[in-house]
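Novice: We have chain S; now place chains F, W and E with the ligands onto it with these hints.
If you read the sequences in order, they're chains S, F, W and E. Letter by letter, the first sequence follows residues 0 to 331 in numbering that gives the first Met the number 0. Letter by letter, the second sequence follows residues 0 to 331 in numbering that gives the first Met the number 0. Letter by letter, the third sequence follows residues 0 to 219 in numbering that gives the first Met the number 0. Letter by letter, the fourth sequence follows residues 0 to 219 in numbering that gives the first Met the number 0.
Worth flagging that the hints you see were computed from the coordinates, not collected in a lab. The reader is advised that the hints may include incorrect statements.
In silico DMTMM-like pairs for lysine to aspartate or glutamate, Cα to Cα no more than 20 Å straight-line [as the list claims (entries may be wrong)]:
hint, chain 1, residue 1, chain 2, residue 2
1, F, Lys1, S, Asp209
2, S, Lys1, S, Glu208
3, S, Lys1, F, Asp120
4, S, Lys1, F, Glu252
5, S, Lys1, F, Glu208
6, W, Lys63, W, Glu51
Selected chain E positions facing chain S (in silico; Cβ < 7 Å) [claimed, not checked]:
hint, residue
7, Asp36
8, Leu74
9, Gly75
10, Gly78
11, Ala80
12, Lys171
13, Glu185
14, Leu188
Idealized CB from N, CA, C, for every residue including glycine.
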Amino acid sequence: MKMKKFINQPQRIVPELLEGLALAFPDKLRLVGSNIVARAVPKAAGKVRVVTLGGSGHEPGLSGFVGQGMLDFSVAGEIFAAPGAPRCLEAIRMAAERGESVLFVVLNHAGDVMSANITMDMAASQGLNVKMILTHEDISGGPNPEDRRGLVGFLPVYKVSGAAAEEGRSLQECLEIAERMERNMRTLAVAVRTATHPSTGHAIFDLGEDEMEVGMGQHGEAGTMRMQLKTADETADIMLDLLLKDLDVKRGEDLLVIVNGAGATTLMELLIVFRRVSHALKEKGINLARSRVGEYITTQEQAGFQLMIARMDPELLRYWDAPADAPYFVTP
Amino acid sequence: MKMKKFINQPQRIVPELLEGLALAFPDKLRLVGSNIVARAVPKAAGKVRVVTLGGSGHEPGLSGFVGQGMLDFSVAGEIFAAPGAPRCLEAIRMAAERGESVLFVVLNHAGDVMSANITMDMAASQGLNVKMILTHEDISGGPNPEDRRGLVGFLPVYKVSGAAAEEGRSLQECLEIAERMERNMRTLAVAVRTATHPSTGHAIFDLGEDEMEVGMGQHGEAGTMRMQLKTADETADIMLDLLLKDLDVKRGEDLLVIVNGAGATTLMELLIVFRRVSHALKEKGINLARSRVGEYITTQEQAGFQLMIARMDPELLRYWDAPADAPYFVTP
Amino acid sequence: MTETIGKNELARMFAGAAARIRSEHEQLSELDSIGGDGDHGATMLRAMTRLEEATIPERTGDLKTILREAGWSVLGVDGGASSSMLGIFFSGMSDAPITSASLDCAGLTAAFEAGLKAASKQTRAVPGDKTMMDALIPAVQALRSAADRGGCITEALEAAANAARAGAESTKNLTAHYGRAKHLGEKTLGYQDPGAMSVALIFEGFCSGLAESKGETDNG
Amino acid sequence: MTETIGKNELARMFAGAAARIRSEHEQLSELDSIGGDGDHGATMLRAMTRLEEATIPERTGDLKTILREAGWSVLGVDGGASSSMLGIFFSGMSDAPITSASLDCAGLTAAFEAGLKAASKQTRAVPGDKTMMDALIPAVQALRSAADRGGCITEALEAAANAARAGAESTKNLTAHYGRAKHLGEKTLGYQDPGAMSVALIFEGFCSGLAESKGETDNG
Ligand SMILES: Nc1ncnc2c1ncn2[C@@H]1O[C@H](COP(=O)(O)OP(=O)(O)O)[C@@H](O)[C@H]1O
Ligand SMILES: Nc1ncnc2c1ncn2[C@@H]1O[C@H](COP(=O)(O)OP(=O)(O)O)[C@@H](O)[C@H]1O
Ligand SMILES: [Mg+2]
Ligand SMILES: [Mg+2]
Ligand SMILES: [Mg+2]
Ligand SMILES: [Mg+2]
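Excised from the complex, chain S in its bound form (with noise of 0.2 Å):
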């Protein structure tokens, strides 16, 4: 299927988009260095400042959730491609330049997690105090943590580091409550339609017609379930009942979950699979602390969604409900 776009010249759909979303949001963020996302307003001095960096093409992840309460700085990459340590380093050292320390949010993919590693070594020769967080919540990658890649999941670890650096907790501690969230989320997806590569326009994986995907990674990796496609109950059930089992959820905890659209799912679709979640939460005993349906993270016009949960305590519900004010993330 020839790919449809609404873009220039295919080597300049990261600035561009960069552009715009400045030029959307001017009281929220503003482009610095080259490709690099940074709050309008700078939190106060001192406070710790949380960093990412991340391929593009899934927007409005990861720059869309640079604002007060969140990310102070976003590293854009290429399209689906890690940005190099280079420009990691230098939005660490912007992020330190009146000697703040830093907490370094990096979503396990191969090369998010070189860039990122090799962005610690230079930080450390350079005396910069940074400390990195991997998220790594698909469950998809199997039982070793190191096979886990990080799925919509960075967006409750940017709002609860986000939210306890504003409130002026120390490096350690927005690590700690980084690691907890981390610790205790877990994410699957699911694919029905490929997408084009908005570069090469090419189809980024394929998928029988009435086949879905379960594990389908974010950039067209192949999953680790392919099926008939089911309904949206179905589906729902599938997927929770495997999540519920890894983060082995107990009847009476609290829980955040999180539906999120690849890209040419509906929200009709995700509200609907959201009602099954729900329910079938209900009837395990199990609370619905908190809740988000939307899209947060997508891979351009792929058919989907990742159904994310986690599991909640006093402070990190305090954390999550804090205000925020990115361009795609508002809590008043």
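Specialist: Frame of chain S, contents of chains F, W and E with the ligands only:
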């Protein structure tokens, strides 16, 4: 292309998606009566209620904008079909429960208008104090306002009239503010790929592999200008010039600009389009006062977008900036 | 030949209309997808079910009440323009002076005229605008002249059905001025307006439904 | 036969590597789309341009500086795993003791070993894990043994290229344990790892590039 959607039975789509919406945002809205969405916490007694009606399948529009500072009630129809007058009257009766007066916002589509007119007759015969405003800002309809459809322009109308009502303005004042907003806005849509009707599974229109259609309606209603697919910048220029001309925008005037994604078009693309709109306005000496880029009213997985411009005055800006807390539109 | 329309006959008329729509609903949706959103067939199916429900034997109330409730029930179909127009049409029929338990040809004609009056209030569309009015108006006019000629109900409804069919056919050569299709200009030329076709099917169904009922009353 | 690598020779090596990648980049992306995201060819193209830029005659600075900057510049490619690995590899070469303006076979070998050491720090992948390490490690080892046998640079690089090619070929029979492809299990069986193939192409390019440079120095 076979439809691949996460639904259960086609005839259950609307009740299920509305239930999902209410379950996902219990603090903001609830279901009342038959497929009617109401604010979880009604605004203070005596204040004007803002009520709307419209078909479903356009999520988050329209019920996703029920909440503080915006809609009080939304009457959801079947997929792409206006709700009948009896249910509209039911909602208005609830809105006017304690004798409140009601502003009834109607998007200009044959079915919606007919239901609304019948509803207004009934409401009048029952002595309810209701005033109706019709939004028709789609310039592809030609010079006659009656022929112009109501597209994403409903959003600023909900916003400013909702804020005015929240502030305690009278029905007449809320109506005047809504009408001023409506008179000063224009929208044009473009589509590049069709969507499938979630109930029938059929494509709702056809378009050549390298064509785009300007003036496309929200339900597959054919447009007015079919042309070769253009770049983001070319498309933005064509559409913006038509809009500026129709609204007769002068140098130095303040505009609100909304780029609304149809469904499958990525935020990446919408931001690239917005970038060009912003540059073009600067070149023309027109002031980009406010902007929004995202999905507010969709047509399933259709690819394309709506570009809306509105001339703003200080009062309209004040109400646009006022706090709002709906599931899919939050202003802190 | 039928002389009066009571509750049973009305039920047969509605059942006949429903049967015709059910056999043609896919074509109606196809026509609607040329200039509209392709849902007209589905909407009409739901509307017809409502009409039938309104006339099940269990329903109490006189003809007037039944017609008003049938119309209201069709308005509740959520089908957009067409169900609103038809709902208003049927509920409007109850505005006519209906005193007896059944209607003779003049009474039925008066009722249809009252329905048309109510429907006309909801639209500016006139014959030539390529809407259901292109079928509805001539149908009611034909009914009137047949009634004035002293024809029986069967004849009058046959005349109405023929006029509705002719009116629907005539929309082929028109471009739409109302409804979703109005934005299309020439593009709907050569295609019937789906709403007008529905009206024709409904009046044809009235006739066939009544014929059955007649058949049965003969046997009974 | 080449005895020393100075700035000109390094430029020719990089140009040769770039030429090989340019002729194969589509195949590299195809391989990457089997288990990855299909961008490896594009990433390698950008990386090779950076290598060439780092060695244009205008560039001042000694070999050590040129290698470090070349590596940094490749790190800046934003290409994900592969550009990071290669960038660290080239910048790591500058960790070797490079005193003179040119490197003999032993010096070049030491530099490549330093690069491998730096790259190894960034990954846990070992031969058999189906990554570029399956080509890079044997390549450097072959270079070392050729150097110890007292072979000339041309011979040593030929040996390295053959070892890299064999290592890349061997990944066909492996399943990926690192990178995007690791989630695939058996699905990549029968296909070369794109990163490993890139490494083989780069070493082949070193040889062909050097051959050209030798040709030209002969003529000059
Ligand atoms: N303004 C109008 N006046 C009269 N009839 C109308 C009007 N708008 C639409 N119609 C009729 O409704 C038909 C379409 O019905 P339907 O598709 O069920 O509703 P919608 O257009 O809301 O989807 C058209 O074919 C036309 O006959
Ligand atoms: N952890 C790793 N260690 C070593 N090499 C790796 C690792 N992850 C990926 N690679 C190499 O990178 C190649 C993919 O490169 P490329 O597609 O450019 O980057 P990305 O996978 O980020 O898109 C793989 O074929 C593999 O050889
Ligand atoms: Mg990549
Ligand atoms: Mg409709
Ligand atoms: Mg229709
Ligand atoms: Mg890749």
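Novice: Each hint: holds or not?
Specialist: Here is how each hint holds up against the structure:
no.: 1; hint: F/Lys1 with S/Asp209; verdict: 8 Å, holds
no.: 2; hint: S/Lys1 with S/Glu208; verdict: 17 Å, holds
no.: 3; hint: S/Lys1 with F/Asp120; verdict: 50 Å, violated
no.: 4; hint: S/Lys1 with F/Glu252; verdict: 40 Å, violated
no.: 5; hint: S/Lys1 with F/Glu208; verdict: 7 Å, holds
no.: 6; hint: W/Lys63 with W/Glu51; verdict: 16 Å, holds
no.: 7; hint: Asp36; verdict: 4 Å, holds
no.: 8; hint: Leu74; verdict: 5 Å, holds
no.: 9; hint: Gly75; verdict: 5 Å, holds
no.: 10; hint: Gly78; verdict: 6 Å, holds
no.: 11; hint: Ala80; verdict: 4 Å, holds
no.: 12; hint: Lys171; verdict: 18 Å, violated
no.: 13; hint: Glu185; verdict: 11 Å, violated
no.: 14; hint: Leu188; verdict: 13 Å, violated
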